[in-house]
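Engineer: Based on the provided sequences and hints, a complete structural model is requested.
Number of protein chains: 2
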Amino acid sequence: MNILIKNGTILPMNVADDMPKYFKGNLGIEGNKISFVSAEQSDVDNFRAKHHENCKIIDASGCIVMPGLINTHTHIAMTLLRGISDDVPLMEWLNDHIWPIEAHMGYNEILIGAKLGALEMLKGGTTTFVDMYPYEEAVAEASEEAGIRAIVSPCAMDFRMPHFEEDWRAVQKRFSNSKLVSMMIGVHAIYTCSPDNMKHAMELSEQLSTGIHIHHSETQDEEKTVRERYNANPTEHLVNVGLIKRPTLAAHCVYMSDNDIKTFAENNVSVAYNPQSNMKLASGIAPIAKMLDSGVNVSIGTDGASSNNDLDMWDEMRTASLLQKVNSMNPCVLTAYQVLQMATVNGAKAIGREGELGILQEGALADVILVNFEKPHLYPHTNLISELVYSCHASDVETVIVDGNIVVENRKCTTMDETKVCTDAQNTIDRLLNQ
Amino acid sequence: MNILIKNGTILPMNVADDMPKYFKGNLGIEGNKISFVSAEQSDVDNFRAKHHENCKIIDASGCIVMPGLINTHTHIAMTLLRGISDDVPLMEWLNDHIWPIEAHMGYNEILIGAKLGALEMLKGGTTTFVDMYPYEEAVAEASEEAGIRAIVSPCAMDFRMPHFEEDWRAVQKRFSNSKLVSMMIGVHAIYTCSPDNMKHAMELSEQLSTGIHIHHSETQDEEKTVRERYNANPTEHLVNVGLIKRPTLAAHCVYMSDNDIKTFAENNVSVAYNPQSNMKLASGIAPIAKMLDSGVNVSIGTDGASSNNDLDMWDEMRTASLLQKVNSMNPCVLTAYQVLQMATVNGAKAIGREGELGILQEGALADVILVNFEKPHLYPHTNLISELVYSCHASDVETVIVDGNIVVENRKCTTMDETKVCTDAQNTIDRLLNQ
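Chains as they are written, first to last, in this note's numbering: chain Z, 2 to 436; chain R, 2 to 436.
Be aware that one or more of the hints could be misleading.
What the hints assert, rightly or not - Reference excerpt, derived from the structure (chain R facing chain Z, CB under 10 Å, subset only):
1. 323
2. 386
3. 419
4. 423
5. 434
These aren't lab readings, by the way, just hints derived from the structure by calculation. Glycine is no exception: its CB is placed at the ideal position from the N, C-alpha and C atoms.
Structural biologist: If you want it as structure tokens, here you go:
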């Protein structure tokens, strides 16, 4: 399909900091790519002349037109577990609530949870996400059905290496020609994956020409365990094992020394910052302002909905900025535009898709969202960048296009039956909780 | 009007911590008061028999029915200034952006800003707010028009005492019989109000039988200034001047020693916790978990929309809890239910309206909201309390009743022309910025 988006306020996210950041204009989509982004009426006329009737026209008056958001660390099947346990210590949360339920979650339960997560993300303007969970094949299946772009990470972990092998092979076999699904190799974390298994994952990532996705330095306990076991801190351990030489996306990164940050910058490791999960589980505050100063590529993740408790990137952007300001006692750090970059272009870079995703420009993939600005909580309009980050909500997203397909229109998902997705999730968690 | 709310999930907020917190049931409103809250069909039948046709029926299936939220510290006219300056140091923010515009804001500009703020709050389920700003008469006028409950605080401040006198007299004269507007006496802050002017405010609050609303210990600078000027910290100064003996609502309270907290608890001072503003302006983190432990009554405020950047109590509740968890490195502090109490019953206590507001029970004022739970981001339903605090948004509020009047129905404000309120605000800020 060809799509012409007219009369919007275009926020391309492809400009340097000192350039104008948005303008009144139009955007054309041919197939799954953006064919033009411009303020010129002549481009609109040419596009219409070329496509005649074979062109869907979307009036974007009163809307910001921007790249879809990229959530670089989550476990979307855990949306099924939203609210089953909160406000308890981490180990009680895992041992008494999360793990006992997860033990009963197989392919089908994960498929159902993933559909709910995909639906929530699409309706909130997230068009790409990076996942890690058992049965990533099911997450990939849900994503194709929903029409969301997924980077799934079958995950190496000492106690389930055979499952890791099965899972990545299944994803590879079934989705290697997918337009929406691609793969990273997951390494659950240093404390759950031996150096040998880590090396196996590294070889595999090299063989498949993909990056590594890992939980890194999330808690004080993890720091302590790794140091006791390997006589090195988590970042030093990644260096020692050599994993840092692979393209790496490291989630959390709460306990990072200045040296660790330097190591990440020098090795082009990307970070997925998960502020709300780190706050809710009382893990700590990642030194993101310092990382940005040192040139580390920082993106944003929501983590799973059971420790957040949603997959809302708007909430996460706002908290990302506010938390760093108070933590640095400096209101200037993590400006609104920096945070938007983290949720778009930096996210694309973190998954090796710079220039292709997270940006509106000719030739980029057509992952585009329309945010309705005609709402009282967004008035008056004085600085749209600031409004997007500090005042906008997932519910302000009106239209979502992924890979050239309209997947949300007037806030309704076009690819899935919303009621059925919600009901299936409810029935499934009710059954699991009553087991 | 009489209103029957049927088939909802009722969250009365009047139960002890270990009691069931919500149930399927119904709620009746006669005039401006709640006449029953119950799970019994006989109560519904009696209500209908009594009122026959003279009764509006609202089907609350799929909705939580709960008390309207109480925002205990804000400056709603500053909604006009949303986004005009962000990500800059506090003094630059004030000197170069906020104050130059405020210098041109008179009655009419404040009226227009206050209408926008009232509209945003109502649509997000806030039914009562405590304000402080020049021309509180204008804020009161806007609130009556919007149909929101307002506690306005004309404000003593050294450089504008004549205006303070004019303002409280105007409010007193015009709104003393209002069903929606009442008054507290504002003391801007210790560093802007001499002990003599503070004493005058205290006498006035006694004469008018109302409480005092003050900015308290918001920044390190304030702490330092007060100590240098009075050889006491801010809380000690309140004790020394005697203000603490009046019913007091203290906003911010970021720099509070254990002794200060004890003093507040002993003197029944209520606190308005403003986490997002304190984060955005990098003021610091208030020791709220300690205050709760010590028995201080803590409520929640958004502060003004220029330092937040919204008046959204859902966002504020979520941040309130998450920030204390990470600050205490304890995921158990500020549970979801405690935070809901802060935004309802504790807010009512902070303004001396316990049992009358922030609660659903027979005889309480009919300030009631319906939150639509049939949304993907709120599924599955396993713990509604947790979903309200950790996953809900202002846009999930469907219906809002204040003092027995339906002011928001199906997310549309019934009392004001939303487009006009937004357009007036836009025109006004455009004019002010171009001066």
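Engineer: Hint by hint, say whether it matches the structure.
Structural biologist: Here is how each hint holds up against the structure:
Restraint check, residue 323(R) versus chain Z: the minimum CB separation of about 4 Å is within 10 Å; hint holds. Checking residue 386(R) against chain Z by beta carbon gives a least distance of about 9 Å; that is within 10 Å, so the hint holds. Interface hint status for residue 419(R): upheld, as the beta-carbon distance to the closest one in chain Z is roughly 6 Å, under 10 Å. For residue 423(R), the interface hint holds, the least distance from its beta-carbon to any beta-carbon of chain Z being 4 Å, beneath 10 Å.
Because the smallest distance between the Cβ of residue 434(R) and any Cβ of chain Z comes to about 7 Å, under 10 Å, the interface hint for this residue holds.
In the structure shown, no violation is registered for any of the earlier numbered hints.
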